[in-house]
Amino acid sequence: MEKEISKLEEEFQKDLSLVKGGEDLEKLRIKYLGRKSPINKLFTQISHLENREEKALLGKNINSLKEKISSIIEEKLKSVEIKEDRLDLTFPSSQAYLGSLHILSIVNNIICSIFERMGFVVIEGGEIEDEKHNFSSLNIPLQHPSRDVFDTFYLDIPESNDGRLLLRSHTSPSQIRVMEKNKPPLAVISPGRVYRPDKVDASHSFMFHQIEGFAVDKGINFSHLKGVLTYFAKSFFSSDVELRFRPHFFPFTEPSVEVDVSCIICKSKHLEKGSEYKCSVCRGKGWLEILGAGMIHPQVLENCGIDYKKYSGFAFGMGVDRIAMLKYGIEDIRLFYQNDIRFLEQFYI
Amino acid sequence: MQFSLDFIKELVDINISPKKLSSLLTMAGMEVERLESKGKDWILEIEVTANRYDWLSIIGIAREISVCLNKKLKLNYPKIKTKPTLKKRKIIIESPQDCLFYIGRLIRGVNITNSPQWLQERVLNCGINSVNNIVDITNYCMLKWGTPLHAFDDDKIEGNVYIRRAKEGEKLITIDGKERELFRDNLVIADDKKVIALAGVMGGKDTEVDENTKNVFLEAAVFSPLTIRRSRQKAGLVTESSYRFERAVFSDYLECASQEANLLIERLADGKLIGYGKAGRKPLTKKKVISLSINDLNSYLGSNIPKDSIKKILSHLDFQVKDRGSNGLQIISPAFRFDIKEKVDIYEEIVRIYGYDKIEPCLPFLPFQLNQDELFEFKRKLRSFLPILGLKEIITYSIVSEKNLKNLGKIESINITNPLREQENTLRPTLLTGMLDTIMYNLNRNQRNLRFFEIANVYIKDRDNFKEIPKLSLGVSGIREEFFFLKGIVEELLNFLNIAQYEFREDSLPNFIQALMVVIEEEPVGFFGKLDEKVRKELDLKENIFYGEFNLELLKSFKKENKYKPFSQYPIVYRDISLGLRKDINFKKIGDTIREVGKEFLYNYRVIDVYRGKDLPQDSNFFTLRIFYQSKERTLTSEEVDTIHQNIRDELSKKEGIIVR
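Sequences listed follow chains W and L, in order.
1 is the number of the first residue of the first sequence in my numbering; add one for each residue after it.
1 is the number of the first residue of the second sequence in my numbering; add one for each residue after it.
Read the hints as simulated data drawn from the structure, not as lab findings.
Mixed in with the good hints, there may be bad ones.
With a Cα cut of at most 30 Å, we get these calculated BS3-like pairs of lysine-lysine [unchecked claim]:
no., chain 1, residue 1, chain 2, residue 2
1, W, K199, L, K178
2, L, K74, W, K327
3, W, K327, L, K379
4, L, K40, W, K309
5, W, K310, L, K341
6, L, K307, W, K309
7, L, K341, L, K307
8, W, K218, L, K381
9, W, K183, L, K381
10, W, K181, L, K312
11, L, K83, L, K20
12, W, K234, L, K467
13, L, K556, W, K183
14, L, K312, L, K322
15, L, K71, W, K181
16, W, K3, W, K27
17, W, K199, L, K467
18, L, K71, L, K307
19, L, K71, L, K9
20, L, K171, L, K74
21, L, K40, W, K278
22, L, K81, L, K40
23, L, K72, L, K322
Derived list of chain W stretches under chain L, where covered just means 3 residues or more per stretch with a C-beta under 8 Å from a C-beta of chain L [said to hold, decoys possible]:
no., stretch
24, 96-109
25, 233-239
26, 255-263
A short list of chain W residues far from chain L (calculated; beta carbon distances all over 10 Å) [said to hold, decoys possible]:
no., residue
27, G21
28, L25
29, N63
30, P197
31, S223
32, Q338
We put the CB at the ideal spot given by N, CA and C, even for glycine.
Using the sequences and the hints given, assemble the complete structure.
This is the structure we're talking about:
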C-alpha cells in the first residue's frame with residue numbers, strides 16, 4: 001500500500017509537470033481529487049485491512065497525500081495564466097438603451113427649478129386663448145402697431161364674449177388668468193407652447209416655447225426684478241456672466257426692459273483692443289438678448305381686478321428654444337421638432 | 001429705421017465716437033441694431049419701439065442725443081407763410097374722422113433737376129432713394145420732422161381735391177406702377193374725376209412729379225392712424241409714409257415740415273408759392289399734467305434718485321417741472337409726447353435716463369404659496385419616469401395638415417382660419433400624427449430601435465366649444481417583441497401610478513389591430529396596439545409601428561399614493577411546467593387557473609422558454625412556465641410545494657386546449 005501511495009505521488013508530479021494551463025489543471029484536479037480518483041479508490045481499500053493501527057496509518061498517509069495534492073493544485077491555480085479564457089477587451093460593448101428627456105424639457109426643468117428655488121410656483125395655462133386674454137387685458141390694442149409683433153393664428157371656433165379664439169402667441173395670457181383668479185401675493189412661472197404664423201427657417205418656427213414669470217405683492221419694485229433675473233441668468237449660464245438691462249417698450253409693462261447677457265460664446269473677445277474677431281452668435285456685439293421684462297403696467301393689474309395702488313409687480317418672458325440654442329450651441333430651431341434620434345440621444349435628463 | 005449721423009448733427013453737436021453714441025442710445029432705450037460707416041457719414045439702424053412715434057424723425061433722435069450728452073437741440077422753427085390763399089381749388093374733407101387736417105401748397109414754376117449732393121446723401125443715408133429735387137425735398141422734410149409730405153404734379157389734378165373713402169372697385173395705379181383695386185377701407189385723395197393717391201400710403205402714377213412738371217401741389221396732413229393702418233393692410237403694403245402715419249404725426253410739426261419744404265423748393269427748384277389752402281382743423285395737442293411723489297417713485301424702482309436729478313432729467317426731456325412740497329413734483333408733458341399718460345410713464349422716463357444699470361439688484365422675499373398646478377406636477381413626474389423605461393421624449397408640432405388627418409379617418413378637428421401653409425392648417429385631435437412623423441423620419445434615416453414618448457395636448461371640437469386634453473403617447477418600432485414590450489411599458493406605467501385595479505380589454509379601434517383598451521373602474525383611459533396594415537401602406541412604411549395614447553387627466557385621477565408594501569422574508573422556491581396551448585385559446589385561462597389553485601402560496605410565474613419545432617403539433621404553442629412559490633408566514637417544505645404544483649398540473653390538464661407535458 002505504501003508503495004501505491006508513493007507511486008501515485010510520482011505519477012501526480014509527472015502529470016503536474018505537463019500542465020500548461022487552467023484547463024489541464026482542472027483535468028488534473030478531477031483525475032486526482034474527483035469522485036473516481038485513485039485516491040478515493042485507496043480510501044475504499046482501507047476497509048479491507050484488519051490491523052487497526054495499519055488502518056489508521058494508511059488513512060493518515062492517504063489524507064496527507066490528498067491534502068498535498070490539493071494544496072499544490074490550489075497554489076498552481078493561482079499562478080496559472082488562463083490563456084484559453086482570455087476576453088477580448090476591445091470587443092464592442094453591448095448597447096445599453098437609454099431613455100431621455102427632450103432638450104427643451106430639460107431646459108424648461110432647469111429654468112423652472114431656478115425660479116422655484118426663489119419661491120415661484122409653476123402654473124400652466126391653456127394654449128387656446130381669446131383676444132381678451134392674449135391682447136386686450138395685456139394693454140395690447142386690437143388695431144395698433146404694437147400688435148404687429150404678435151401675429152396670431154385664429155381658430156374656427158365661434159367667438160366667445162372675450163373675443164375671437166386663437167392660439168396664444170405668447171405665454172403672457174397665463175399671467176392674466178392667474179391674476180384674475182387669485183389674490184396677491186403671487187409669484188408664478190408658466191411654461192408652454194406658443195404659436196405665431198412665422199415661416200419656418202433656421203431661427204423661426206410657427207410653434208415654439210416660452211416661459212412667463214411674474215410676482216405681485218406689496219412693495220415689489222424694479223430692483224427686485226433686476227435681482228431675480230440676475231440670479232436666474234447667473235444660475236443658468238454661469239456665475240461670471242454679465243447682465244445688461246436696456247430700456248424697451250412692451251404695452252403690458254412700464255418701465256420695460258430687455259435683458260442681455262454677455263456673449264457666452266465669444267466672452268466678449270471683440271472688446272479686446274485690436275481684436276478682429278467677430279463672433280457669429282452675438283455678431284460682434286458682445287451681448288445676447290435673452291428676455292423681455294418690466295414692472296407690470298397698473299392698467300394690466302386693474303384689468304385683472306388687482307388694486308394697483310396697493311400692489312405692484314414685475315413680469316418677464318423668455319423664449320426657451322432660443323435660450324437652449326444659445327446654451328447648447330444649437331444652430332437650427334428645426335432640430336427641436338425633427339426629433340432625429342441622433343439629436344435626441346445627445347441629451348439625457 | 002435708418003438714420004444718417006450727419007443729418008442728426010445738423011441739430012445737435014456730438015462730441016463722442018459713433019460707437020460710444022450707439023451704446024449710449026441703446027442704454028437709453030433707443031437700440032442701435034447696426035452701425036456702419038458710409039463715406040464720411042455713419043448710418044445708424046435704430047429699433048424704434050411702437051410707443052415712440054416721435055423717434056421716427058431726425059428731430060426725435062437728435063433730441064434724445066441732446067439729453068444724453070447734455071447738449072442743446074439746435075432746432076429752428078421756420079416762419080409759416082399762409083399767404084397768398086389758394087384760390088385755384090377747394091380742399092374738401094369728406095371723411096372728417098379719417099382726416100383731421102389737410103394743408104395744400106401750390107408752388108408754381110418749378111425746375112425739376114437732380115438734387116444737390118448734400119440732399120441726395122441725406123435721403124440716401126436714411127435708406128430712401130433719391131428721385132429728383134422735389135421728391136427728395138419732401139422726403140428730407142419727412143425724415144427731419146417725422147410728418148410725411150406728398151408732392152403732386154398740379155397740372156394733372158383736375159378740379160378740387162377730396163379726401164374720402166374709396167368706392168368699392170375704384171382703381172388706382174400707384175407710383176410703384178401697380179394697379180390696385182380699392183375698397184371702402186382705403187382712404188384716398190381724389191380730384192373731380194379720379195383717385196390721385198392712396199392717402200398717407202402712396203401717391204398715384206398719373207399725378208406723379210416727373211421731369212416735365214412745372215407746378216407742384218404739396219400735401220401735408222393729419223390722418224387717423226387706425227384708418228391708415230387698415231388701408232395699408234388692405235392694400236398689403238408698408239411705406240415710409242404709412243409707417244409714420246400709423247404711429248402718429250405731431251400736428252405742430254406739420255406746418256413746419258410743409259413750410260420748410262416750400263422754402264427748399266423755392267431755393268433749389270426756383271418755385272414760388274402761389275396759394276396756401278387748408279381744410280379741417282389742426283388737432284389740439286394736449287399736455288398731460290401729472291403729480292409725482294419722489295418717495296413713491298423711489299419705492300417703485302427700489303432706488304434712491306435725488307429730487308434734483310429727477311428735475312434735471314425731466315426738464316432735459318422738455319417736461320415742465322414744478323415743486324409741490326418737499327416730496328412732490330408737478331409735471332407737464334411736452335405736447336409731442338403722446339405716449340405719456342400716467343405716473344409710470346414718467347417713472348420710466350426718469351429711470352431710463354438715470355440709468356437702469358444704476359439700480360441695485362435685490363432679491364425679494366417671496367411669499368409662501370401653496371397652490372400648485374397638480375397636472376403640471378403629474379406631467380413632471382411622468383417625464384422623470386418614462387426615460388427610466390428607455391423611452392426618449394419627442395416634441396412634435398400641434399398644428400398638422402387636415403389632409404393627413406383624413407388619411408387616419410379622423411373626424412373633426414379645429415381648423416386655423418389663417419394658416420401659413422396647407423401643411424399646417426388644423427389642430428391635432430391625436431398625438432399619433434407627430435409620433436408617425438418622428439418614427440418615419442428616423443426609419444428613413446436607417447435608424448432602428450425606436451422607443452418614444454410625447455406629452456402634449458390634443459384639441460377637440462366640442463360642439464361650438466373646444467377642449468384641450470393633455471395626453472401621453474407611446475410609440476415603438478424596429479425592436480423585438482414590440483407588442484409585449486409596449487404592454488410591459490404600460491404595465492410599468494400603471495404600476496408607477498400605483499393603479500392596481502385595471503383591465504386590458506380587446507377592442508377594435510380605427511387604424512389599429514391587436515389593440516387593447518386600458519380600462520380603470522369601467523373608465524377607458526387609453527389604448528395601445530399595432531398600426532393597421534392599411535395605414536402603414538398608405539404612409540409607405542416598411543416597419544411595424546406600435547402605438548399607445550393615454551388621457552393624462554384620467555390617469556391622474558386614478559393615481560394612488562405610493563406606500564411601502566411589506567414583502568415576505570421566507571424563501572422563494574420554484575417548479576417548472578411545460579405546456580402546450582391551443583392557438584384559439586388565451587393564456588389568460590392558464591394564468592387564472594394558476595392563481596386560483598396557487599392561492600396564497602403563489603408568488604409569481606413567468607415564461608422561461610418557448611419551443612418551436614416541426615415535430616410539435618401546429619395548432620398549439622409550446623412553452624415552459626416557471627412558477628414561484630412562497631408563504632408569508634413560514635418556509636414551505638419541499639413536499640408542500642410539490643403538492644401545490646401537482647394540483648396546478650392536474651387542474652391545467654383538465655382544461656380544454658391545454659396540454660401538460
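Results of checking the hints against the structure:
no. : hint              : result
1   : K199/W <-> K178/L : holds, 26 Å
2   : K74/L <-> K327/W  : violated, 47 Å
3   : K327/W <-> K379/L : holds, 25 Å
4   : K40/L <-> K309/W  : violated, 53 Å
5   : K310/W <-> K341/L : holds, 20 Å
6   : K307/L <-> K309/W : holds, 22 Å
7   : K341/L <-> K307/L : holds, 21 Å
8   : K218/W <-> K381/L : violated, 34 Å
9   : K183/W <-> K381/L : holds, 28 Å
10  : K181/W <-> K312/L : violated, 43 Å
11  : K83/L <-> K20/L   : violated, 46 Å
12  : K234/W <-> K467/L : violated, 39 Å
13  : K556/L <-> K183/W : holds, 27 Å
14  : K312/L <-> K322/L : holds, 11 Å
15  : K71/L <-> K181/W  : violated, 50 Å
16  : K3/W <-> K27/W    : holds, 24 Å
17  : K199/W <-> K467/L : holds, 27 Å
18  : K71/L <-> K307/L  : holds, 21 Å
19  : K71/L <-> K9/L    : holds, 12 Å
20  : K171/L <-> K74/L  : violated, 45 Å
21  : K40/L <-> K278/W  : holds, 24 Å
22  : K81/L <-> K40/L   : violated, 36 Å
23  : K72/L <-> K322/L  : holds, 21 Å
24  : 96-109            : holds (count 9)
25  : 233-239           : violated (count 0)
26  : 255-263           : holds (count 4)
27  : G21               : holds, 35 Å
28  : L25               : holds, 34 Å
29  : N63               : holds, 35 Å
30  : P197              : violated, 5 Å
31  : S223              : violated, 3 Å
32  : Q338              : violated, 6 Å
Hint compliance for this structure: hints 2, 4, 8, 10, 11, 12, 15, 20, 22, 25, 30, 31, 32 are not met, and every other hint is.
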